[in-house]
Amino acid sequence: MQPKHRPTGPLGTYHGGFDPPRRAMDYEHREIEQRWQETWEEHGLYRSKVDWSRPKHYALTMLPYPSGDLHMGHWYAMTPSDARARYMRMKGYNVLFPIGFDAFGLPAENAAVQRNIHPAKWTHENIDRMRTQLRSMGAMFDWEREAVSCYPNYYKWTEWFFKQMYEHGIAYRGEAMVNWSPTLQTVLANEQVIDGKDERTGQPVEQRMMEQWFFALTNYADELLSFDGIDWPDPIRMMQTNWIGRSEGAEVTFVTEGGDDIVVFTTRPDTLWGATFMVLAPEHPLVDALTTDEHRAAVDEYRQAAAAQSELERMEESREKTGVFTGGYAINPVNQERVPVWIADYVLLSYGTGAIMAVPAHDQRDFEFARQFGLQIVPVIHPAGRDELIEPEMTESYVGPGVMVNSGPIDEVETTDAKGRANPSVAAAIDWLEENNAGKEAINYRVRDWLISRQRYWGSPIPMVHRSDGVIEAVTDTDLPVVLPEDVEFTGRSPLGETESFLATTDSEGQPARRESDTMDTFMCSSWYWFRYLSPDDDQAPFDPEEAAYWLPVDVYTGGAEHAVMHLLYARFFVKAMRDMGVFTDTAAMMKDHGRDPSGLFDEPFLLLRNQGQVLGAERIGDTLVIEGDWDQGRLLASSVQVQAGAATDAGTVVGELMRRTENLLQVQTADGLVGVEVLPDAAVEIPSIPGTNDVTQLKHHLDIQRMSKSKGNVVNPDELVQEYGADTVRTHLMFAFEWQKGGPWDERGIAGSRRFIEDVWKLGSAAYEPGDVSDRASTDLRRKVHQTIAKVDEDMAEFKWNTAVAALMTLRNAMLEAVRARRVTSEVWTEAVETLLRLLAPIAPHISEELWQRLGKSDSVHVQQWPEADASVAAEDTVTMVIQVNGKVRDRLDVPAGISAEEAETAALAADKIQSWLEQGEVRKVIARPPKLVNIVVG
RNA sequence: GCCCGGAUGGCGAAACCGGUAGACGCGGCGGACUUAAAAUCCGCUGUCCCCUUGGGACGUGCAGGUUCGAGUCCUGCUCCGGGCACCA
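So for the first sequence, my numbering puts the first residue at 7; every next one is plus one.
Don't take each hint at face value.
[What the hints assert, rightly or not] If you anchor each label on the Cβ, the simulated ranges turn out as follows:
1) E883 to I934: 19 to 25 Å
2) R585 to R53: 27 to 33 Å
3) K97 to M244: 27 to 33 Å
4) T887 to D782: 20 to 26 Å
[As the list claims (entries may be wrong)] DSSO-like cross-link-like pairs, simulated, lysine-lysine; straight-line CA separation at most 30 Å:
5) K895 to K932
6) K162 to K55
7) K203 to K162
8) K598 to K55
Quick caveat, the hints were computed from the structure, so don't treat them as lab data. No experiment lies behind these values; they were computed from the predicted model shown. In this text, a Cβ means the ideal position worked out from N, Cα and C, and glycines have one as well.
Work out the full structure, taking the sequences as your base and the hints as a guide.
The following block contains the structure:
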């Protein structure tokens, strides 16, 4: 449908008279929304341009992964972000609100393997569809700044950043554990491993060390612990802080009898005199050397068992302690005692040094281990205010304060609950270790360096070359990007490692060499995308410093709290590394040219962060699947899948609830546990509630209540809602019906209320108001309500409290409906009310606000209007309801002047009729007056 | 297991700093309009009790505590959600 009027003015200005208001109820949301979306686009209303004469505001919403269709979760995340951006614009800021796609990732590759569709094709089709869906939201995205991470002109710069990291010593080769499938000879993602088995083949998966690329994130650990200058939610800061997990203590070297050093980190070096054994991670490199022939069989067996378990399983503290003795011994450097060296899976190679000294008397895990295996326990703390610990009588470790005993040089030193050097005994121990060259003060972080290698196809290539002489070198900048080859085969293994035409290359000296076949973690792409929005087509640099000088840093970032520790920490790390690598040198110079002080502007990416919760799928009773098929090595090849409510457990080969689906792989919860099912391409799929021929992808609509996301799959389709109710209604409802930070299950019934609100706005905005018997009182009352609403909505929009902002607008709606019925307010007051309502609603419901604004005969877009300002004197109430309590219970209410004094309030309260009978129950002991709201009389 | 959240009517929720619990909306009930239904409009709607106009008791996951006063603060639990490093 074409716009009825084709305004031709400058940005945000429309000319030409609109039709006079038609009948009250001609609200055609489809026509109106489409027309305005086209008109805004034509006028470039949301193009954002650098303008140094105006204050800037960079609003960012987390970019979506193109999983297929835009789902309610995207709307839920983005609608308020858009509304906030629009609000800031009306507040006078020059706003940048861009969008893009985080387009590399595993689901595209799954589709390739399972359905033989190329990841690029799958991704591009999804992006095309989601672009259309995003436009239907009516958001103020500046599409000219769109960035897509899987386009070569984007990942060229992802590769360039990798090179920068390499050249500045941040990227390095190291070893890490991977999920290795011996059957497929490939690495699997954690998500692909279910119950220690490959979800696709049902074959076992083992942990194996592999050499890969890392970023030295721990170099920035201390800086990342500081949140100075940024406004982030406390829980996120806390999670990041705990994730980084800084602990202070000492590194101590134990020497094995074979002469090897075992370095351990401990936060309690003061308890070294009580260290009676050591435990190494099963994968620790010294295990082989330590193991005696007598113990080798047991050690090997234990190591294999440990390799079959994930880290998460190994960290389960409640399970029984397991471990085996290597037969080897090391010398405790503080007392020259010979201590046995064990291996146990609760020690992780990835934490600390992969080895611990065990002090069973004062560490509960060590205590349980010692008791289980009959190892020596030596108490070295005399607990404060208690009897000395006697080893055989101990039933648990002692971790409290006291005085050191049995500890040679640090005997008698006090020990407290303080951490690090703040604890006298720890300080004394560190000093002693350093004086005697037995150890040194050290800091350990729980956080590990960022492993960025992925043995996959659909990611940004790592621009490195392995020379035939073993040296690794970077691809020259002029050869960037290393482009992903398109003609590859998808088998489940990494195609790059098997594509000879990609691998074969030459090094900088023209000698034959091999390309790196790993690609980068997709978090790498999303660690710098907001810079790419600044100049998405720039082929000279990752971003244009002229744009960056104006727009950076991001002022407001919104997205899901599920990104608390990974994406949001990587993003912070990335910016700090960029700063140190000099990436912002030009930007800083440009800032100075424009009189902007660049100091501190490149330390953090996002000044203010707010998180939304998750919208859950509509609640359904979990459907039961009845599946027929043949067993093949522990999983079922299905020839028929039926959705059947309440089917008997023996109705098919497998009967159970669908828990997860990845393409045609199902996980079905049966009475006997989780079963993996592969739905064969020609299998019959039957879903009674979906008419026509069904296919396996539709099974996603039949999960129990769960998160709406690409991996869980129960998606409420917003397109249908938008068709039926309109984007403005859906936007309003999403902002109204939930506590944004919390989210919750989607329930379609409630949207009727938001639709009614939008229709009422239509009536109010398009009705011709004729004053009748005008009264000052009515006019004053409506004006007061209008200005109270401005104040409330303004405050709520500023603080991301969308639901109460909409509620305030609904309250104003109610007052205006009342006013239009009574016709007692003046035309001026009515006009002020209508124009205020439309401007306050514009960020939330942009289309209807614009349509009605234009019908009022305005020439500029409502979206370039000034945000209304509340007049506090108009908004003020002159009387207030004062509550009178007796002993904390409400017994009466009085209307009193807002300015009532404490004495007057007290007098009035004690004189109130309904209070008298309560006063007779005893003496008035105390009166607490909090004018003008409350008086509490204490009687007793 | 570890880290971080959450729990308030039949439902989604609101409640600034400790000061009227339930704003706003859904649903429900009753009424108006209609041949009828839908839509729309008006009224009621936390639970229980009493003789009414009206009044009273109870009530914010559970058990305690602090306070004149607790949804809000403290202690100990229960259940639910998010994250745990190759899902994004």
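Given the hint of 19 to 25 Å, check if E883 and I934 actually sit that far apart at their C-beta atoms. Distance hint for E883, I934 holds at roughly 23 Å.
Holds or violated: K162 with K55, Cα cutoff 30 Å? Answer holds: K162 to K55 is near 25 Å, not above 30 Å.
Between the alpha carbons of K598 and K55, is the straight-line distance 30 Å or under? Judged against 30 Å, a Cα distance of about 19 Å means the pair holds.
Does the Cβ pair K97, M244 satisfy 27 to 33 Å? For M244 against K97, whose Cβ atoms are near 31 Å apart, the range 27 to 33 Å holds.
Agreement of K895 and K932 with the hint, judged by alpha carbon distance not exceeding 30 Å: 15 Å, holds
Range hint 27 to 33 Å: satisfied by the CB atoms of R585 and R53? 29 Å, holds
Assuming the hint says 20 to 26 Å, is it satisfied by the Cβ distance from T887 to D782 or not? 23 Å, holds
Given the hint that K203 pairs with K162, does the C-alpha gap stay at or below 30 Å? Roughly 36 Å separates the two Cα atoms, so the pair is violated.
Consistency note: the structure conflicts with earlier hint 7 alone.
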